[in-house]
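Modelling step: build the complete structure from the supplied sequences, incorporating the hints.
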Amino acid sequence: MGKILLIFEKGGTFELVLNEKAPKTCKAFLEHLPYEADVLQARFSGTECFFRMPLGVEPENIVDPKTGYVAFNSDNEQAICIYYDSNIRPADPPYNFFATIKGDYCKLKEVGLRIWREGSEKVKISMES
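Residues in the sequence shown are numbered consecutively from 241, following this note's numbering.
Don't take each hint at face value.
[Said to hold, decoys possible] Subject to a maximum C-alpha distance of 25 Å in a straight line, what follows is the list of computed DSS-like cross-link-like pairs (lysine-lysine):
1. Lys349 - Lys364
2. Lys347 - Lys306
3. Lys364 - Lys250
Because the hints were derived from the structure by calculation, they are not lab data.
Below is the structure:
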């Protein structure tokens with residue numbers, strides 16, 4: 241399998257590393273690639289940004305979020321959440337932890353704060369061979 245990349249339209253490219261402890265979520269996520277969405281700022285469980293992606297999977301691998309975690313909200317929101325700073329608290333309901341951002345968390349925080357200040361932007365998720 242190639243690299244999975246998150247590419248933000250105003251700058252910032254990050255590699256995702258899938259977590260084998262969430263096989264159903266990972267499988268559904270990969271089946272949706274390539275994918276493009278509007279990423280928005282949220283404060284549901286701390287400093288995060290999110291985009292809608294209807295994966296339709298049940299809860300699995302529920303853990304408290306940390307900086308660099310990527311999780312799926314399996315309730316009606318059906319959203320991918322990206323945690324970019326240390327101001328994070330447990331989600332209610334908890335989300336499926338299925339991937340980690342590989343790389344520069346300072347750059348990830350810059351992207352998250354930019355979305356917080358400037359509003360939504362496009363994100364492309366693709367598999368690089």
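Taking the hints in turn, this is what the structure says about them:
For the hint pairing Lys349 with Lys364, the CA-to-CA distance comes to about 18 Å; that is within 25 Å, so the pair holds. Proposed proximity of Lys347 and Lys306 is supported: the alpha carbons are some 16 Å apart, at most 25 Å. A distance of roughly 11 Å separates the Cα atoms of Lys364 and Lys250; the hinted pair therefore holds under the 25 Å criterion.
Consistency note: the structure conflicts with none of the earlier hints.
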